[in-house]
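Colleague: Each chain, letter by letter, is given below.
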Amino acid sequence: MPELLSPRDAKLVEGLRAGDEEAFMELIGELNPSLLRVARMFVPTAAVAEDVVGETWLAVLNGIDRFEGRSSLKTWIFRILTNTAKTRGERERRSVPFSALDTDDGGFEPAVERSRFTGTGHWAVLPRAWPEDRLLAKETLSVVERAIERLPPSQRTVITLRDVEGWTADEVRNALELSETNQRVLLHRARAKVRHALEQYLSEEQ
Amino acid sequence: MSIGLAHLNCRELVELVTAYIEGDLSSGERKRFDAHLASCDGCTTYVEQMRRTIELTGTLRIDDVPREAEEALLRSFRDWKA
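Quick note, the sequences are listed as chains A and B, same order.
Going by the working numbering, the letters in the first sequence line up with residues 341 to 546, in that order.
Going by the working numbering, the letters in the second sequence line up with residues 14 to 95, in that order.
Since the hints were derived computationally from the structure, they do not count as laboratory data.
Heads up, none of these hints are tricks.
What follows is a set of in silico ranges between Cβ atoms, one per label pair, in the way DEER data are often shown:
1) Glu61(B) with Ala387(A): 39 to 47 Å
2) Arg91(B) with Ser412(A): 25 to 33 Å
3) Ala350(A) with Lys44(B): 37 to 45 Å
Glycine is no exception: its CB is placed at the ideal position from the N, C-alpha and C atoms.
Please work from the sequences and hints to get the whole structure.
Modeller: Below is the structure:
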């Protein structure tokens, strides 16, 4: 293994090659939810996404002997996933009308509605500070959750990987094959919408 | 990402918040951004709310893999090994 592979990755790779169940289950536990989420961006149903992920794991196992460690194990696995999901997505699209990643790259979506600004671009209605006690309430968290669920798939995936799962921008770009700008735009739109949902909720009378 | 010369208005600033928080602005852009924040309560509140939004999102739990799915994967692992 080249030295750039982390000790943990090296150990996992060794485990997979040796047919070690524990190593496999460790990886499943860590990556499967994200794999499903990313797969869902390319294919029309959750069932197909599960298929794609199953196929991906099989390809990982079959290819592990050829894995050279030029990227992290996670990046390599996500490349396999996106390739598998894209191929499958194209096939599905012939029968089911569906558009995935390209659903929301058209046009500019302002982070804040135009009506909140004056003609010269200053706040017409200032954002009001949020009440701290309500911000920390459990119900508020479910507002965040629902806002994320309503996002277009690409925005939902990016905000989940970045802000929920704590991936770096580079990890997300590599896994989803996004440019630096696209990654940031998707994240920005997603965060702006979640903030907006919080603002709506927190401005309601109790 | 490029923004106008000396002046940055509120409508433009809100579009740069993610780049600002991510540390992706050039030093010139960052200076203009900070200068605007220093004199604008509305934008200061907005940026603070974006930070709180990110924090709150970070406390969400990720759904675990359903038990059956895990077992199905384990079975295919054993098949693969065999």
